[in-house]
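These protein sequence lines are chains A and B, in that order.
Per my numbering, residue 5 is the first one in the first sequence, and the count goes up by one each step.
Per my numbering, residue 5 is the first one in the second sequence, and the count goes up by one each step.
Source of the hints: derived by calculation from the structure; they are not laboratory data.
You may find that some hints are simply not true.
Identical copies carry no separate label here, and so any pair may be met within one copy or between two of them.
[To be verified] When the alpha-carbon atoms are kept at most 16 Å apart in a straight line, the in silico EDC-like pairs for lysine to aspartate or glutamate are as follows:
#1 K6 / E39
#2 K60 / E76
#3 K23 / E47
#4 K14 / E52
#5 K23 / D54
#6 K23 / E49
#7 K14 / E47
#8 K14 / E64
Keep in mind that this is a model prediction, so the values were computed, not measured.
As a plain string of letters, each chain reads:
Number of protein chains: 2
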Amino acid sequence: MKAIVTVMLKNGVLDPQGKAIGHALGTLGFAGVGEVRVGKRIELELAETDPAAARKAAEEMGRRLLANLVIESFTVEIV
Amino acid sequence: MKAIVTVMLKNGVLDPQGKAIGHALGTLGFAGVGEVRVGKRIELELAETDPAAARKAAEEMGRRLLANLVIESFTVEIV
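Take these sequences, add in the hints, and give me the full structure.
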């Protein structure tokens, strides 16, 4: 199955990449753009066929490697 | 409203970041991990209140700034 791990900076953590995108959109003439936040989307092909086990594995991958839990949080979606 | 633009490398484009994650997961002892692809998730707060207009604006942002259409494709979700 496929696991999608989405990693975003926690609320309150400064997101300079998002700020840069917001500024660039303003420069390009896009009006009405408020806060911009940028995160990562990691798509993993897993051999596991049980959705619950796949979710558990993906959550452990998130905790141990994919997210820095000091400043980031992550969600897992199994598709 | 909020627009979520997801930018992924096109199929067939080498994804070294994904390869590195797949390798690191193997080193950590996770078995059964196949292909790993990494993309960006960009969340934009838009002043626009009409969902169709917000989608149109976000799609133009994707084309003009957020994605490199030579090697990346993007999808827009309005929430």
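Now the hints, each set against the structure:
no. : hint      : in the structure
1   : K6 / E39  : between (30 Å within a copy, 10 Å between copies)
2   : K60 / E76 : neither (19 Å within a copy, 30 Å between copies)
3   : K23 / E47 : between (25 Å within a copy, 11 Å between copies)
4   : K14 / E52 : neither (30 Å within a copy, 25 Å between copies)
5   : K23 / D54 : neither (40 Å within a copy, 24 Å between copies)
6   : K23 / E49 : between (32 Å within a copy, 12 Å between copies)
7   : K14 / E47 : between (20 Å within a copy, 13 Å between copies)
8   : K14 / E64 : neither (19 Å within a copy, 27 Å between copies)
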